[in-house]
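Participant: Chains as they are written, first to last, in the numbering used here: chain A, 9 to 166; chain B, 9 to 166.
Treat the hints as calculated values from the structure; they're not laboratory data.
Some hints could be false.
Pairs count within a copy or across copies, as identical chains cannot be separated in the list.
In silico DMTMM-like links for lysine to aspartate or glutamate, alpha-carbon gap of 25 Å or less [as the list claims (entries may be wrong)]: (1) 24 x 46; (2) 102 x 41; (3) 102 x 53; (4) 102 x 138; (5) 24 x 123.
In this text the structure is predicted, and so the values were computed from the model without any measurement.
2 protein chains.
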Amino acid sequence: MVMTDMVSRSGDGASKDRLRLWIRLLRSTRFIEAELRDRLRREFDATMPRFDVMAALYRNPDGMMMSELSRHMMVSNGNVTGIVDRLVADGMVKRWQRDGDRRTWLVGLTPAGTENFAQMAAVHETWVDELLGDLDPQAVAGLTGALQDLKSDWEGRK
Amino acid sequence: MVMTDMVSRSGDGASKDRLRLWIRLLRSTRFIEAELRDRLRREFDATMPRFDVMAALYRNPDGMMMSELSRHMMVSNGNVTGIVDRLVADGMVKRWQRDGDRRTWLVGLTPAGTENFAQMAAVHETWVDELLGDLDPQAVAGLTGALQDLKSDWEGRK
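The shape of chain A in the complex, shown without the other chains (with noise of 0.2 Å):
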């Protein structure tokens, strides 16, 4: 990232220290998020967005409509399309019609899925545990906190 480089240009002091911030937290986020990228395709020869919709397929045992799940994703309908087709080549994804609605299909994880995610998400988590491992309980406490209220702060704005 090189937007580092805007910092020492125009604007006062509050709103370069915000522009800093925002520099690191995509910075931070960056690294991490290569560094597991890099893991779950060496590891489990899986994708993010991969791992992301059978994390959502995960919690939602009863299935979900593409839509949903679309919505969840935070990517585009036709990204999640093309990741479901290829679950369900991989056998683990199946389809299925709605009781009562024969327009609507659901998708959910099969046994076999729901095992190779499980599996995914415990070495996941300690991949985590191992990247964000040398920040004591209270700071990750006081982050995740202010984190929070940023957030809130979006939330209350759209």
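Given chain A's structure and the hints, the job is docking chain B onto it.
Facilitator: Same frame as chain A, but now just chain B:
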């Protein structure tokens, strides 16, 4: 993002807290990033990678080699090449051979590119200021510091 879904599962308390922090980091960053991406597209018809490339070149008025630019960007060389090609076609970037080294090409902003980027960067800073604006200066400093610790931890581990 659906990974919140996983928090209630296995792992000890501290490990769960770290996973929760990671999910919040990812979600906060994606939210702001999506907003900035939308605004860059709407207001300047620019993508985030284009903005990042221009930011790097803005800070290096003597030019950069493509390999330097790629390292800086954390994206693939191929992507950077496409972005630079487009910027050249738009008159924002020029290429030239390094003095005394006919095989090495440098890229840099044209005067039009410099002006265009300076304008975008100023507006971008006001957006970040607005999106993070409800955080008081103390919270901004606290978050920045905590993330800095995190960053140096990773760097130490690499």
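Participant: Take the hints in turn and mark each one as holding or not.
Facilitator: Against the structure, the hints come out as follows:
For the homomeric pair residue 24 and residue 46, the shortest alpha-carbon distance between copies (22 Å) is at most 25 Å, but the shortest distance inside one copy (33 Å) is not. For the homomeric pair residue 102 and residue 41, neither the shortest alpha-carbon distance inside one copy (28 Å) nor that between copies (33 Å) is at most 25 Å. When the C-alpha separation of residue 102 and residue 53 is checked against a cutoff of 25 Å, the pair qualifies only within one copy, where the shortest distance is 20 Å, while the shortest distance between copies is 40 Å. In this assembly of identical chains, the alpha carbons of residue 102 and residue 138 never lie at most 25 Å apart, being 34 Å within a copy and 44 Å across copies at closest.
Taking identical chains as interchangeable, the C-alpha atoms of residue 24 and residue 123 lie at most 25 Å apart only when they sit on different chains, with a minimum of 20 Å there against 47 Å within one chain.
In terms of the numbered hints stated before, the structure departs from hints 2, 4, listed from lowest to highest.
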